[in-house]
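By the count of the numbering used here, the sequence shown reaches residue 293 at its end, each step adding exactly one.
These are computed hints drawn from the structure, not numbers from a lab. Treat the hints with care, as some may be off.
27 Å max Cα-Cα, derived BS3-like pairs, lysine-lysine [unchecked claim]:
{"id": "1", "residue 1": "Lys285", "residue 2": "Lys169"}
{"id": "2", "residue 1": "Lys285", "residue 2": "Lys246"}
{"id": "3", "residue 1": "Lys169", "residue 2": "Lys66"}
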Amino acid sequence: MSFQEDISTTQSKSLHNGSSQNNNELRPVTLLQRIKNNRQFASPTGLARNTIGGWLLGFIFACGIALMIIGVNTNEWGVKEKNSSNAATSEPNVYYYLLPFSVYLIISSVFYSSEFLWHAIFHPMTLDFDAFILYTHSKAFHYALLASMIEYMLELKFCRTYLKSFSIIHVIGLVLVCAGQVTRSVAMYTAGNNFTHLIATEKQTNHRLVTHGIYKYFRHPSYMGWFYWSIGTQLLLCNPICFIAYSAASWNFFKARIPFRIF
31 MSFQEDISTT QSKSLHNGSS QNNNELRPVT LLQRIKNNRQ FASPTGLARN
81 TIGGWLLGFI FACGIALMII GVNTNEWGVK EKNSSNAATS EPNVYYYLLP
131 FSVYLIISSV FYSSEFLWHA IFHPMTLDFD AFILYTHSKA FHYALLASMI
181 EYMLELKFCR TYLKSFSIIH VIGLVLVCAG QVTRSVAMYT AGNNFTHLIA
231 TEKQTNHRLV THGIYKYFRH PSYMGWFYWS IGTQLLLCNP ICFIAYSAAS
281 WNFFKARIPF RIF
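Can you build the whole structure from these sequences, using the hints too?
Structure, rendered in structure tokens:
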């Protein structure tokens with residue numbers, strides 16, 4: 031091979047490598063790659079990430095409202111079946127049984143949104159995606175939510191007449207949910223920046239022991255509110271298994287947490 035041919039081959043390889051590099055640079059970046067590498071989506075403090083979190087709660091709230099409207103405006107006895115004697119009987123429409131679930135969606139979105147809003151008001155400098163509580167909680171928390179949905183759907187499918195028909199249990203559950211929500215919200219807003227979602231192991235200079243308002247009557251009203259809210263949701267859904275499990279798990283959780291000093 032001549033010297034001139036060697037130069038020509040080298041130049042050809044250089045042009046080829048340069049062309050490949052340019053093609054890689056010009057290759058379009060997918061939407062998922064842009065989101066993954068974008069701090070606004072990847073960081074807990076990113077505006078886009080927190081916006082999506084709020085949007086999802088709003089979507090859940092809207093689904094609850096829509097389901098409730100459909101249930102209220104649907105003929106309660108809309109499904110006709112025949113029994114063993116071939117006589118026509120009426121079975122309540124499925125939306126009739128889903129009314130408690132629609133309320134559950136609404137009160138859940140309100141609860142988790144209020145947690146984020148409280149953090150935004152009293153701890154704006156540390157506000158991030160974790161303030162929603164719902165998305166970044168423990169695995170046990172998410173398993174509990176999943177178990178609640180599975181139990182509700184299975185019982186709705188196989189024993190709706192016995193467990194999901196409206197009764198005093200639904201009313202008691204709704205009362206507990208509302209009482210728990212009000213108690214926790216009042217407690218958190220009374221404590222202000224003296225309350226946080228996290229356990230503090232060292233006292234901060236701007237924290238004070240709160241003894242006025244609702245704290246005059248209850249030492250841990252925010253925990254008490256969440257406890258009754260959580261078990262109230264299972265009464266509202268008429269989930270007997272999860273009601274027992276939620277009661278035991280919530281009691282043990284707060285029993286272990288309260289001995290820590292909260293600053």
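Evaluated hints:
| no. | hint | verdict |
| --- | --- | --- |
| 1 | Lys285 - Lys169 | holds (19 Å) |
| 2 | Lys285 - Lys246 | holds (21 Å) |
| 3 | Lys169 - Lys66 | holds (23 Å) |
In the structure shown, no violation is registered for any of the earlier numbered hints.
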